[in-house]
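Colleague: Knowing the structure of chain A, use the given hints to seat chain B on it.
Protein sequences appear in the order of chains A and B. The opening position of the first sequence corresponds to residue 287 in this note's numbering, with each subsequent residue numbered one higher. The opening position of the second sequence corresponds to residue -16 in this note's numbering, with each subsequent residue numbered one higher.
Don't take each hint at face value.
As the list claims (entries may be wrong) - Cβ-to-Cβ under 8 Å is the rule here; a few derived chain A residues that face chain B:
1. 656
2. 659
3. 686
4. 695
Hints in this document: simulated from the structure, not taken from any laboratory. Only a predicted model underlies this, so the values are computations on that prediction, with no experimental measurement involved. C-beta: ideal position from N, C-alpha, C; glycine also.
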Amino acid sequence: MSDDTPTPRRIGVFICHCGGNISDYVDVEQVRQAVAGEAEVVTAKTTMFACSDAAQQEMTEAITQDNLDGIVVASCSPKLHLFTFRAMADRAGLNPYRYVQANIREQCSWAHRGEMPAATAKATAIVRAAVARAEASEPLATMRIETQPRALVLGAGVAGLRAALALADMGLTVTIAERAQRPGGWAATFGRTFARDRSGAEMVEELLRRVHEHEHITLFTGAELIEKSGSVGDFTAVLRVANGDTVTLNVGAIVVATGFQDYQPTVGEFGWGLPDVVTLPQYKRMLDAGQGLHRADGRPVKTVTFLYCVGSRQGEEVERPNRYCSRYCCTAACHAGIVSAEQAPGLHQVHLFRDMRTYGKYELLYEEAQRAGAVFLRWDPEEPPVVASDAGGLTVRVKDRLLGGEELEIPTDLLVLVTGMVPRENATLLNALKLPLGGDGFFNEIHPKLRPVETVANGVFIAGTAQGPKTIAESVASSLAAVSKTAALLLKGYVDLEPFVAEVDEERCTWCGKCLDACPYKAIEKVAVAGKEVARIIPALCKGCGGCALPCAENAIDVKGYTDEQVLGMIDALLEEAAE
Amino acid sequence: MATRVNLDLHDELKAFGGKDLDLCYNCGTCTAVCSLADEGSAFPRRIMHLIQVGATERLKHSVEPWLCYYCGDCSAQCPRGANPGEAMMATRRHLISRYDWTGLSRRLYLSNAWNITAVLLVMLSVVGLFAFLHGPVVLDHVALNTFAPVHWIELGDLVMGGVLSFFLLTNAARMATWILGDVGMPAIPISAFVRAIPEFVVNFATQKRWRRCGTAQGEAKQNRRWLTHLILVSGYLTMFVLIVFFLKWFQTDAVYPIYNPQRWIGYYAAAALLYGTVVFAIGRWRKRDEIDKFSAGTDWMFLILLFLTTLTGLLVNFFRLAGWPLATYSVYVLHLAIDAAWLIVQVPFGKWSHFLYRPFALYLVKVRELAEKAAAADAEEAPAAA
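Chain B extracted, bound-state conformation:
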């Protein structure tokens, strides 16, 4: 089957951030310097080429963009300044928008106006919801659970979690169908899907593949970045578990002593989130490393909203401890507004989805690997039978 060339793909990828990719003359230096390029593979050169020749369909079936962590070795060494690293990043954004069947993701990525409007809209809705539906406002002491009863908040959490999971998982299902539907994919036995699960779990929790990155610029730098990211992830996951599974314990008017896990687990998570977002934001501001040189509006939105969510969360806690009822209630509403905006815009439609897509891509690679092994084993038996 011939691949039909679609030259609009260029403009599309340029819109998603791969501004310089036209300059690539396919020398292959990117693959030569990439520490993740296995022998014989054309990673990331193949993706550059697919974009160049407008192989829209082939790109859709490609898993490679998810296997790149943007250490920037390729961009630093590119003799043409074609920025393969940024092209991979742009491709990930492009793929996220293609996995998303609602079409919202595309809008949010390609238009800052859409992005900001969406965020403001969600925030206003949350504020509006509270304006009409809040509980009694107790002013002589802090009674957050009277102002915002925890079982209502929990219900809201679950509803939102359910809706977002629906979008995200249906998108992930499309991703799996496309990647496993690539040409040359062997038949996949059910057992492969099960046996590959550990690959997902390990990579979800550790991002260990990232540690193979960036040898040309020094391992220390990449390891530091990986560690910062790991700390951020740990803070995020901790907070996620606290809020989704232990909200009644976490959002309480009772003040626990400082040594109580309720206090320090929360503080750890908040500290990790602040540290991670601030370090990454500073990096993007200074633009010293390749990965930090180009930031899309969505990259900033991701960091800023996550930072503000954490900050307002901390403030709620401090105002509560200080015994300032009105400040606590209003910042709490703001906190939920920012958090909801961040989650609704970023989880299924934006940058957050890499949380799922990256380990999922590695899982799919493993599935393919297992399927190929099974096919090879079958092929060995088959001639004997014939």
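This is chain A alone, in the form it adopts within the complex:
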């Protein structure tokens, strides 16, 4: 609250022309005159480009000369220049959180071309509201947290192992928690993998050898995360390990590399459940075994049919459809086709695909599979293939789009359902991490392009297929991206957090507990202050969402930077303008 702030306040307002972007549609001089008359506005100026060096210099001088304790720049969206002007305020010795940006470009001039009087009135209202917010502003400081030079990696698949090694190589102490009894994940179960035929098992073996040798890495198998508390840079993580004991770790960051599950078809789905119908991972194991391909009845396989997109890109025909493409399976099936042709010369192969997504250099594998004699035939999701079995073996019937929908009957010895990736079922982990999932059920990044491995939980990063279907190469790339974000956080030694967090007025608080229930971040604790139970915010955990302020019957909670006084002041300012 601003009770101890001396009144009246000394506010400076700078209105930007934006070189005509604003001033062509808004009469900036009229806006200036309107706000210059406000009681606490000491100085109001217009400027051609507020973001220019000269204008910033002018503003810093005004802050010092006029002894301003709050400023408003009415210009563009804060997305563009909030940090520019906060830094300017800081340089001038003004607390940067007493700077308020009024957006009169995107939200006014650009939207109201050719309506200058109305646009000017709106701009005036926006600036007055900003002034009201600045008047009620208080100096705030970022919170500095010391980070722990330790990381927890969840999952010992190829992504997790690679991340652990990279982090440990940078001097961080790494703990890997693998839920399965055996480390290595999916890649360890694969023989030859695309694109260069390296054995997945050998790759993992090599990673594991290095992990075991590394002095900074501890690997727990049969272990899962059951609890996470603390904040970015300083988490407390509780693992339940193989023998049922718990291990408590203090780590600065967590890398989630928990991988995927292969799609399990439902019985009857494209013949699943019939003899000689297998999924792609099962087929790969048959190939890896190197015992030749045999039917369930022992006869050698002469024709193998691959049916693509099983469990991927589903439509309304299933209850909870997987709408996404698993992106690795087309290439994996083509590669399996190539390996099959090598192992069983003369083997007939039919690949029934929906759309061939052997993107990038994997296109070459598609061509190679064709050269190896694989026949590719496209099917229509409107009329999917039908699988039947009789004494003679399996038959796949598919409508051929290039023969005017004529039905082809493919007798086949083995049917491979090319299944995609689905999210891992991991309720314990989800409960511990409290990470939101995307629509597909995989962990979600903040921004798919610009912040691809960060999550809404600061200090928790995602890597590999936990985030969505990926090839091994892509998994490792994403795991190393998570490594760089983790290392950037932990090696710096500290982290500064924005001060926009909730604050409890301990005098008003009567501890009803509603705020505790409302908080999704576990940022509220019950403490006793002078014999009275009250709520307290743990600033490092608070995201400033304001969820706790709403149910508080005593009105005891405010969010800094967005206090009730500030918001109500802005509303009053806007209404005052409307009343005129």
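Modeller: Leaving out everything else, chain B in the frame of chain A:
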């Protein structure tokens, strides 16, 4: 009726020459660039696809392979290097071997050893026949008709012609049955078979459909090829008529003056045959045009034997004029040996059969067209009656 997929068809067609057809990803560029693809048709894409999906039965009923002249536009433009032109060629070879009920054609196409053995066997038989059955060998002057009496030779011609025609025509009958037995074929009125005859005659004599080919590579080139082929055909037909119908006039010990038609008609035919075979052989040797890039053993055998037949025929004539009896007789035997080998191996069982199958295929297309028209006319009347 579902089409049962037979994936052996691939290997089969690859054996017949369509080595790259697996690479086709069905983009349809071949149809887009083909100047013979009519609007809405999938020529030659459909054939590529039938091969790919192993639609053995559908392929058997298809007439399209005979409507392609291998200008190579499709192969040149194919983004995948799948060589649709060569696949069509391979399909024609495959179809020839399927039309042939004796199974010999298949052997001859798929094995150079069979091909060469067959040719040598026929040649040896002819030489052997002469070794035992030749007439008196007159050495003081050339007396070919004493060494090889023309009425015996004529009889031999007719017997061989009859036997080969039997094989060829029975094969053609199978071809007609299959093509006209394709799904969706309307009932065919007898009149259609008669009314389509001109289509056969015109295309047999002129190969005029070929002239619509090859616009992407320039019409001049295709026209030149068509003309060369036409000259070759004219030489062949001329020689055929001379030998089958006028042998007594043609094979004579009397030496006619140079302006006599007996002389210059024979020389024209020989020149046309030599020119055509040499031009085509050079093309196949240089491999510059799409059609010349891949030559099966049977393609070479066809050209070489035809060339040698013509050459030995000319030599017989020259030795006769020069008055060299022994040279004339021995080259004459060689000439007949090569000719018989060429005819017996190539006519019903090999490449020569395209002489008949191509115009016959166009004839069958016409028959179908006429039948469809008749069916459409009936359909128009029918509702009125109902």
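Colleague: Each hint needs a verdict: does it hold in this structure or not?
Modeller: Results of checking the hints against the structure:
The beta carbon of residue 656 of chain A comes within 5 Å of a beta carbon in chain B, closer than 8 Å, and the hint placing it at the interface holds. Taking 8 Å as the C-beta cut-off, the interface hint given for residue 659 of chain A holds, the closest approach to chain B being about 6 Å. Below 8 Å, beta-carbon pairs count as interface contacts, and residue 686 of chain A has one with chain B at about 6 Å; its hint therefore holds. The closest approach between the C-beta of residue 695 of chain A and any C-beta of chain B is roughly 4 Å, which is under the 8 Å cut-off, so the hint is satisfied.
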